[in-house]
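Novice: Letter by letter, the chains look like this.
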Amino acid sequence: MAVFTLRKLSFSYPNSDHKALDKVNIAVDQGEFITLVGPTGSGKSTLLRLLKPELMQNDEMTGEILFHEKPINALDARESAAKIGYVAQHPEEQIVTDKVWHELAFTLENLGQKQAEIARRVAETAAYFGIAPWYRKRTSELSGGQKQLLNLAAVMVAEPEVLILDEPTAQLDPIEAARFVDTLYKLNRETGVTVIISEHRAEELLPLCDRMIVLDQGKVVCDDAPRVIAQKIDRNSPYLPYLTAAARVFIQSGSQGTCPLSVREGRQFFKQTAVSKETTISQAQAESTTAALELKDVFFRYEKDGADILNGLSMTVNEGEIFAVLGANGCGKSTAAAVMAGVRKPYSGKVKLFGKALREYKNGTLYQGNLSMLPQDVESVFLRATVREELKGCEAVIEKLPFDLSPLYDRHPYDLSGGERQLAALCKALKNQPRVLILDEPSKGLDPDSKERLGELLRALKADGMTIVLISHDIEFAAGCADRCALFFDGGIAACEDTADFMNGNRYYTTAVSRMTRGICRNIYTVDAAAVMIGGGRS
Amino acid sequence: MREFHEYNPIAVAVYYLCVTAVTMFTMNPIIIGISLVASILNYALYAKGGVKPHLFSLILFVILAAVNPLVNHNGMTVLFYLNDRPITAEAAIYGAVAAGMTVAALYWLRAFSKAMTSDKLLYLFGRLSPKLSLILSMAIRYVELLRVRWRKIQSSQRALGLYDDGNLIDAVRGRARVLSILITWALENGIITAETMDARGYGTGRRTSFKLYHIRMRDIAIIAVCAAAATIEIVGLNAAAIEWYPIIEMKLFEPVSIIGYTGFGILAILPVIINTKEAIRWRYLRSAS
Amino acid sequence: MTIIKNQTVRTVLRYVIPFGVIPALVILGATVFDEKRYLIISFGVAIASIVLFMTGIEKKNIGSRRMVMVAVMTALAVIGRFIPLFKPITALCVMAAMYLGAEAGFLCGALSVLVSNIYFGQGPWTPFQMLGFGLIGLFAGYLSEPLRKSRVLLIGYGVLAGIAYSMMMDVWTVLWYNGSFSPALYLTAIVSAIPYTVLYAVSNVTFLLLLRKPMGEKLGRIKLKYGV
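Chains as they are written, first to last, in this note's numbering: chain A, 1 to 539; chain B, 1 to 289; chain C, 1 to 228.
Since the hints were derived computationally from the structure, they do not count as laboratory data.
These numbers were taken from a predicted model, which means no experiment stands behind them.
The C-beta atom is built at its ideal place from N, Cα and C for all residues, glycine as well.
Some hints here could point you the wrong way.
Said to hold, decoys possible - Some chain B residues judged to face chain A by a derived CB distance under 7 Å, without partners named:
hint, residue
1, Ile140
2, Glu144
3, Trp150
4, Asn167
5, Ala171
6, Ile181
7, Met197
8, Thr208
9, Phe253
What the hints assert, rightly or not - Under the rule of at most 27 Å between Cα atoms (straight-line distance), these lysine-lysine pairs were calculated in the BS3-like manner:
hint, chain 1, residue 1, chain 2, residue 2
10, C, Lys218, A, Lys431
11, A, Lys271, A, Lys232
12, A, Lys19, C, Lys223
13, C, Lys60, B, Lys211
14, A, Lys392, C, Lys218
15, A, Lys431, A, Lys362
16, C, Lys59, B, Lys211
17, C, Lys218, C, Lys60
18, A, Lys137, B, Lys211
19, A, Lys304, A, Lys352
20, A, Lys114, C, Lys87
21, A, Lys19, C, Lys225
22, A, Lys462, A, Lys392
23, A, Lys83, B, Lys211
24, B, Lys114, A, Lys304
25, B, Lys114, A, Lys137
26, B, Lys114, C, Lys87
27, A, Lys219, A, Lys8
28, B, Lys52, A, Lys304
29, A, Lys186, A, Lys137
30, A, Lys186, A, Lys23
31, C, Lys225, A, Lys392
32, A, Lys19, A, Lys219
33, A, Lys392, A, Lys431
34, B, Lys120, C, Lys60
35, C, Lys87, C, Lys225
36, A, Lys392, C, Lys60
Claimed, not checked - Negatives, chain B to chain A, calculated, CB over 10 Å:
hint, residue
37, Ser118
38, Met138
39, Arg218
40, Ile258
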């Protein structure tokens with residue numbers, strides 16, 4: 001039986017002449033697990049929000065949305081709140097109350113449930129999601145992954161029939177994201193809840209889901225099982241980035257047969273096609289060996305009696321390279337970035353920029369043309385009401401950019417998309433034309449296109465002679481643009497090598513392709529390289 | 001271990017309200033004395049280490065006790081003259097009792113503040129109005145969130161070379177900048193929170209308020225004891241007439257007042273008794289196992 | 001105050017408190033009790049008025065957006081109380097009241113005191129402070145139209161709020177110290193509190209002027225964009 005039936009659904013926003021959704025027909029069956037992908041602005045969020053009546057006024061809508069064969073507007077407010085669960089992107093902003101237990105009870109309180117009923121459902125849910133150990137904690141103490149899990153649990157407590165998720169893992173690190181997706185899958189299997197999820201990161205989702213819907217410019221372009229879609233897509237398709245690494249290698253190399261989706265299937269595929277291949281890709285050696293930024297035995301803690309966050313951190317970033325510091329969320333990477341940028345002072349150890357200790361840059365000269373940092377939360381950068389005012393004084397930087405920012409000038413920084421916002425903030429960071437640029441999680445929450453553009457920009461800056469320190473949990477992004485990578489763990493650097501050696505040396509903390517090729521062929525860690533190797537070998 | 005502060009917040013609040021009110025209600029030296037000793041004992045149960053608050057209380061006591069004889073020159077028994085003004089024993093004793101009252105009340109309130117964590121406050125106000133308890137809970141969450149963000153903005157502005165606290169004007173300007181960014185950030189992203197609330201059924205009808213605390217027999221017992229003791233005080237203390245000036249005349253030990261003192265004494269020492277009893281029981285349980 | 005279980009009881013309270021409890025307390029204070037009891041009486045009146053207002057909130061239909069905005073403004077005011085000497089709490093309550101309404105102003109004032117006293121310590125002064133800042137917010141809400149239009153009026157309100165709050169807290173100081181109200185002591189208290197009163201008034205005006213434009217723009221944009 002269909003839970004949702006969308007018939008000829010069209011929608012456009014007020015003051016906009018183009019259609020956000022254009023004659024969409026979708027039927028969602030009970031218990032299905034559906035992944036929704038598409039570029040930014042394709043109408044994914046609009047579609048998902050229309051399925052949750054509380055979020056969207058649907059006066060501008062034509063066509064119909066049926067929930068259990070009845071128009072969705074006919075649904076009683078309380079029923080709609082309970083039966084259709086909705087989780088969005090930002091873990092932090094979706095939390096309403098101060099305590100975990102209160103957050104879990106929130107939905108049921110709103111629905112006017114009795115004390116005994118709330119107590120029972122909250123207990124059940126907390127136990128199922130493994131929340132019991134932090135049941136009485138403050139919500140502000142949780143990690144990003146825990147927060148998002150709490151948001152999911154707080155919705156599931158009302159026993160919804162359908163779960164709608166709008167890019168729920170975009171702000172999480174890969175490990176947290178995988179755990180979140182696993183929980184969803186478990187929920188879907190064990191409770192039969194219907195799941196509709198939109199996501200940029202398909203790696204974990206596609207092998208698990210029943211159906212994949214590709215949306216572009218408000219139209220449904222593909223709607224089928226992921227493998228069927230992968231078989232149909234060719235190497236020039238704009239939808240290629242939404243497939244998994246294994247599928248992309250398969251398609252880009254022009255292979256025949258069954259398309260692999262998961263890493264496991266990808267390994268099988270490599271075993272069959274690339275047996276006994278000893279490909280070595282020549283390494284471009286970094287020309288410069290002058291140290292730009294040096295950290296030596298740096299120790300840092302926030303409070304006198306607290307634990308060391310940086311525990312003898314030593315590393316050297318060479319001039320003119322892109323250096324990636326990789327590690328999970330909450331491991332202290334951002335603290336390391338703050339120490340590198342001179343915002344935080346270590347209690348022991350040395351931080352040098354071009355051979356001179358940071359504190360010897362007097363009167364703010366450090367930030368005048370020497371060093372700059374783009375923080376993780378770019379909201380912390382914007383002060384003015386328009387992008388134009390915000391970027392005053394950055395004209396020289398904007399001119400050099402490979403893209404045109406002028407269409408954004410009259411908009412409020414908060415009205416920009418994630419990718420645009422990141423670019424605008426980056427311009428601000430580049431204003432004083434620093435020699436060393438530190439970026440903290442610049443690719444967080446970006447769609448594949450924006451990531452591509454960001455990578456391009458970083459490479460262009462590097463070509464201009466800038467030294468870039470990239471602090472990130474995004475391994476795939478780092479693999480695409482870094483010269484050297486370091487694994488940050490337990491307050492120090494556990495491994496630091498050229499990107500190729502780093503990716504090949506790691507077993508878990510490496511790209512999906514590297515995990516597929518490990519032990520089969522060497523030095524292959526990006527989709528492009530793998531496709532060239534296999535495709536080239538065939539032709 | 002069920003300490004007194006883990007009793008139902010209503011019972012705890014009623015208790016502290018009662019002892020503080022009785023203390024502030026009277027100038028009876030016996031009651032004040034009992035209250036002072038009990039409040040210090042009680043406070044010591046929760047304040048782990050540190051002499052600072054006690055030192056503060058001592059200084060406060062001395063100042064308050066000294067103010068009255070210096071200002072008030074009533075009374076027959078002149079102790080000595082200061083700047084040709086008589087310092088009397090009556091005024092000095094009155095000052096000491098008044099100071100004792102204030103210090104005792106402060107000790108009770110300090111313990112009360114320690115007991116009233118945000119959870120308990122929310123519970124009390126949640127009974128008043130579920131909507132109010134929600135808005136309080138949200139405000140507390142935002143306090144924590146915004147403090148973290150304040151630090152984030154400060155460090156990111158600094159790394160962009162836009163924040164400097166070298167001199168006072170720069171420091172003020174820098175802080176104003178940080179505050180402005182913080183406000184925008186909070187208000188703009190608040191909309192996501194509001195949408196989440198809508199999605200989770202806020203405003204669909206009457207709310208209820210989930211309570212983490214249960215009312216047990218012992219909570220009712222505490223409230224009953226408080227009510228009984230308060231009644232005895234009001235009746236009993238009116239019997240103890242006190243005249244301070246020109247010469248102190250006290251009829252402190254009427255039979256009714258003795259009942260009053262006993263009642264208040266038991267009340268004031270109750271948390272100490274409960275906690276000690278629990279501690280002993282735990283020691284016994286552990287050694288028995 | 002803690003046994004209000006349902007709507008009917010709450011409704012009853014809304015009538016009983018203003019027409020029953022508060023007059024009874026005052027009459028009781030004037031006739032039955034001797035002067036020692038003024039502190040307790042005033043304490044009771046303060047709590048009763050707050051309870052009255054808070055039960056009124058429950059009946060109001062406050063949308064989620066307004067709730068969030070009030071919570072944010074309250075939190076900002078709480079954080080503001082950590083700033084030494086200059087405190088933006090009044091300015092923030094007035095802003096909340098001007099753009100979000102009188103109830104929002106009262107809530108912002110009263111709740112920011114309640115929440116910040118979790119950190120600073122609760123005591124018998126809590127209800128008085130809550131009532132003080134709550135009323136500053138409430139009246140600003142009633143005057144929101146003229147206050148938004150005229151800067152002079154806003155400055156005047158800031159100064160007045162500073163003086164009125166200070167004088168109200170002086171009443172409490174006198175009652176606490178003396179047990180009964182004494183005009184002479186009250187005068188002393190007012191005089192000795194002059195530096196603080198001036199500081200209140202000055203920081204109120206400073207923050208009001210500082211925040212008026214940016215805060216107005218920010219709240220105005222939010223109201224326009226999301227229809228609060």
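Novice: For each hint, tell me whether it holds in the structure or not.
Specialist: So, going through the hints one by one against the coordinates:
no.: 1; hint: Ile140; in the structure: holds, 4 Å
no.: 2; hint: Glu144; in the structure: holds, 4 Å
no.: 3; hint: Trp150; in the structure: violated, 10 Å
no.: 4; hint: Asn167; in the structure: violated, 12 Å
no.: 5; hint: Ala171; in the structure: violated, 14 Å
no.: 6; hint: Ile181; in the structure: holds, 5 Å
no.: 7; hint: Met197; in the structure: holds, 6 Å
no.: 8; hint: Thr208; in the structure: holds, 5 Å
no.: 9; hint: Phe253; in the structure: violated, 50 Å
no.: 10; hint: Lys218(C) <-> Lys431(A); in the structure: holds, 26 Å
no.: 11; hint: Lys271(A) <-> Lys232(A); in the structure: holds, 23 Å
no.: 12; hint: Lys19(A) <-> Lys223(C); in the structure: holds, 26 Å
no.: 13; hint: Lys60(C) <-> Lys211(B); in the structure: holds, 22 Å
no.: 14; hint: Lys392(A) <-> Lys218(C); in the structure: holds, 20 Å
no.: 15; hint: Lys431(A) <-> Lys362(A); in the structure: holds, 19 Å
no.: 16; hint: Lys59(C) <-> Lys211(B); in the structure: holds, 21 Å
no.: 17; hint: Lys218(C) <-> Lys60(C); in the structure: holds, 25 Å
no.: 18; hint: Lys137(A) <-> Lys211(B); in the structure: holds, 16 Å
no.: 19; hint: Lys304(A) <-> Lys352(A); in the structure: holds, 24 Å
no.: 20; hint: Lys114(A) <-> Lys87(C); in the structure: violated, 42 Å
no.: 21; hint: Lys19(A) <-> Lys225(C); in the structure: holds, 21 Å
no.: 22; hint: Lys462(A) <-> Lys392(A); in the structure: holds, 24 Å
no.: 23; hint: Lys83(A) <-> Lys211(B); in the structure: holds, 24 Å
no.: 24; hint: Lys114(B) <-> Lys304(A); in the structure: holds, 24 Å
no.: 25; hint: Lys114(B) <-> Lys137(A); in the structure: holds, 18 Å
no.: 26; hint: Lys114(B) <-> Lys87(C); in the structure: holds, 25 Å
no.: 27; hint: Lys219(A) <-> Lys8(A); in the structure: holds, 10 Å
no.: 28; hint: Lys52(B) <-> Lys304(A); in the structure: holds, 20 Å
no.: 29; hint: Lys186(A) <-> Lys137(A); in the structure: holds, 25 Å
no.: 30; hint: Lys186(A) <-> Lys23(A); in the structure: violated, 33 Å
no.: 31; hint: Lys225(C) <-> Lys392(A); in the structure: holds, 25 Å
no.: 32; hint: Lys19(A) <-> Lys219(A); in the structure: holds, 9 Å
no.: 33; hint: Lys392(A) <-> Lys431(A); in the structure: holds, 9 Å
no.: 34; hint: Lys120(B) <-> Lys60(C); in the structure: holds, 24 Å
no.: 35; hint: Lys87(C) <-> Lys225(C); in the structure: violated, 30 Å
no.: 36; hint: Lys392(A) <-> Lys60(C); in the structure: violated, 45 Å
no.: 37; hint: Ser118; in the structure: violated, 6 Å
no.: 38; hint: Met138; in the structure: violated, 6 Å
no.: 39; hint: Arg218; in the structure: holds, 20 Å
no.: 40; hint: Ile258; in the structure: holds, 45 Å
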